[in-house]
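What follows is the residue order along each chain.
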Amino acid sequence: MKKAIVSIAFGLTASLLATGASAQATLNSVKQKGYLTCGSNTGLAGFGVPDAQGTWTGLDVEYCRAISAAIFDDPTKVRFIPLAAKDRFTALQSGEVDVLVRNSTATMSRDTQLGLDFPAINYFDGQGFMVRKKLGVSSAKELNGASICTQQGTTTELNLADYFRANNMKYEVVAFATSDETFKAYDSGRCDAFTTDASGLYSERLRASAPDDHIVLPEIISKEPLGPATRHGDDQWTDIVRWTHNAMLNAEELGVAKANVDQMKTSDNPEIKRLLGSEGKYGEAIGLTNDWAYRIIKHVGNYGESFERNVGEGSKLKIKRGQNALWTKNGLQYGIPIR
Amino acid sequence: MQTIVSQTSPPKKSVLYDPKVRGAFYQVLLVLTVGYLFYMAASNAVENLQRAKIASGFGFLNNTAGFDVSQTLITFSAAGSTYGDAFIVGLLNTLVVSAIGIVLATILGFTVGIARLSKNWMVAKVSMVYVEVLRNIPLLLQLLFWYIAVLGPLPQPRDSIGFGAGVFLNSRGLFMPRPLYASDAWVIGTALILGIVGTIVFRRWARKQQEQTGQQYPVGIITLALVVGLPFVSWLVLALVGTNPISFDMPQKGTFNLRGGMQILPEFVALLVGLVTYTAAFIAEVVRAGILAVSKGQTEAAGSLGLRPGQTLRLVVVPQAMRVIIPPLTSQYLNLTKNSSLAVAIGYPDLVQVFMGTVLNQTGQAIEVVVITMGVYLTISLVTSFVMNIYNRRVAIVER
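Listed in order, the protein sequences are those of chains A and B. According to my numbering, the first sequence holds residues 1 to 339 in order. According to my numbering, the second sequence holds residues 1001 to 1400 in order.
A portion of the hints provided could be inaccurate.
[Claimed, not checked] Restricting the straight-line Cα-Cα distance to at most 16 Å, the calculated cross-link-like pairs of lysine to aspartate or glutamate (EDC-like) are: (1) A:K134 x B:D1159; (2) A:K281 x A:D291; (3) B:K1053 x A:D111; (4) A:K258 x A:D73; (5) B:K1053 x A:D235; (6) A:K133 x A:D213; (7) A:K298 x A:D74.
[Stated by the list, open to error] Covered stretches of chain B (in silico footprint by chain A; criterion: 3 or more residues with CB under 8 Å from a CB of chain A, positions within the stretch not fixed): (8) 1051-1062; (9) 1067-1073; (10) 1253-1262; (11) 1302-1310.
These are computed hints drawn from the structure, not numbers from a lab. Even glycine gets a Cβ: it sits at the ideal position worked out from N, Cα and C.
Using the sequences plus the hints, can you model the full thing?
See the structure below:
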């Protein structure tokens, strides 16, 4: 709560005092500071969570590390600022964070009314429900009359209302400010069901007092394209964030990985040459050096590696690639060509 | 000689050295500076919002909200209600918990405060421990304690604790039968209002009689007869005639929760209990200070006039203590109202939770939402102070 108040206060003072903040200034200010501030989740396993040593890990976290690698040739020059769902956009608008990579759904109103840009989608998701096994529920359509815990200030909260209205069912919503409070309330029995993005359900289930007592229902009730957000008006910065994702996707498609990136530098494939900066001046066009993508892959890896390590088979979550596979493998992840 | 003359008729001083002119000049300067700072801040914010293409203005209050709230005192639905309605829902929830909280905290606080001065060692020590423990633990921790440790472990709806007569307790709250009023229920309502008005009139008359003649009337019994008896008789008559003016919607066990009836949310109970017990500890100290401020001679004089201890307290000590009690008591009422915003930690949909939480985030209009919320708390606090100041003037010592 205190954090919320502080960040709102910060937001207000920043918006009141930041007179000359030029629209193109983010990259310069990041370079000047010597680090990148990245709005992250307060703790969502697989996406953004500090480990036992206090090092941030996760798919979203590695996105920020990739941006840092592209700018500084060093993936550690990132300061992570954990934000609750309801504070995240204010923190971005007010300049408290340079980029928000916090499993946030891209929507039209956020893009237009909140003054944000969503340059990429790094995880295609959808909203689902989790219930206790002993309730004997096998479909979300059977949830009529249930109490449902959700986090406030999310698209989840709105989709929930839509879904129950569309299916003519009643429910009792219990909304909490942070994901921690929300899940704790569900786990303690305040609610029959817990709802958030499907990836979040698998991740939160690991935190339950008895993870095996809970099941995720099959229905996916919404489209949740999750991605990084930047402020409107700084196109150069938005480009850097957008092309970081595309570089990681193209690298996966071309078979360029963390382990073989140095050998790939000598490749004759023109696409790989453009990606790694030995041909063309693509990096300079976005205000970086031409080996920007090489740095990303060298320090962080391609998208597939990052996915497997954080949420896929190499992680506790064991989420299948599904929609997040490359377009060449029937997924939706499609890297825009670098040329 | 020359010097003496010049002293008696002072030379014309420059306006610059006139203290009045100087004072006025600095005040005007200060007002202008403050005004300019406010103007700069406001125009700066507007400019920045426009540059960032963030929506601004208060038009969002008419947009459809699209989310649901657990406790609503007005009809509210995701489909048809606006952000403005969500604001009213949050405001009413804040007012309800504050109003009930103030009444209960006053009763509990006075009881504990008086008990702490009791001659009974046990009673006095229990009150002391209550005050010292409750007022020294942060309120947020107490709220979490009530919500997570006390109300959290209540049984699931399927294993609800039944108290009979359709009253159930479980982790989703307290469920009670909801009265349904038939068309002729107005008779009972009228009877109740008549009973209350009658009681007030009778009590005034009885007091006047007592002041003039010393004759005492059984005020308690007559109050009971008028306020409870009259509506009951009217209900009985209607029931005997054959119409049933009030029926009850009983909570039934459904698939998940109990259906029907009236539900009091655990979030509400945790917040109310937390606010009441915490604020009561402070009120108890205020009351104790007020009573100790009444000189001992007053009690002794009352005793020598033959008043019993209870009467002494009620008729002599407390009325005089009120003069000392009311100003700090007002502060405690304001504290309770403002502290109700901690509801956000336990998911009770008060103004801060609904409006500064969900609405702010869904609309992204932080400045407008924060300004409105601050304005509301300021207004509530000023109104409370105003009412308490009127009361204070009535009980203050009238100088003759």
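Coverage assertion for the stretch 1067-1073 of chain B with respect to chain A, Cβ distance below 8 Å, three residues required: holds (count 4)
message: So is the stretch 1302-1310 of chain B in contact with chain A by the C-beta rule, three or more residues under 8 Å, or is the coverage claim wrong?
response: violated (count 0)
field: 16 Å Cα cutoff - pair K298 (chain A), D74 (chain A)
entry: Holds, at about 10 Å.
message: Is the listed coverage of the stretch 1051-1062 of chain B by chain A valid when you require three or more residues with a beta carbon under 8 Å from a beta carbon of that chain?
response: Our answer is that it holds, as 5 residues pass the Cβ test (under 8 Å) against chain A, meeting three.
query: Does the alpha-carbon distance linking K133 (chain A) and D213 (chain A) stay inside the 16 Å limit?
result: holds (6 Å)
message: Please verify the coverage claim for the stretch 1253-1262 of chain B: does it have three or more residues whose C-beta sits within 8 Å of some C-beta in chain A?
response: The restraint on the stretch 1253-1262 of chain B holds, since 5 of its residues have a Cβ under 8 Å from chain A and three suffice.
- prompt: Are the Cα positions of K134 (chain A) and D1159 (chain B) separated by 16 Å at most?
  reply: The hint holds at about 14 Å.
task: Would you mind confirming whether the straight-line C-alpha gap from K258 (chain A) to D73 (chain A) stays at or under 16 Å?
output: holds (14 Å)
task: Mind checking the alpha carbons of K1053 (chain B) and D235 (chain A) for me, to see if they're no more than 16 Å apart?
output: holds (14 Å)
message: Hinted pair, alpha-carbon criterion (16 Å max): K281 (chain A), D291 (chain A). Please report holds or violated.
response: With a Cα-Cα distance of about 9 Å, the restraint between K281 (chain A) and D291 (chain A) holds, given a limit of 16 Å.
query: Are the Cα atoms of K1053 (chain B) and D111 (chain A) separated by 16 Å or less?
result: holds (10 Å)
When the structure is compared with the earlier hints, a violation turns up for hint 11 alone.
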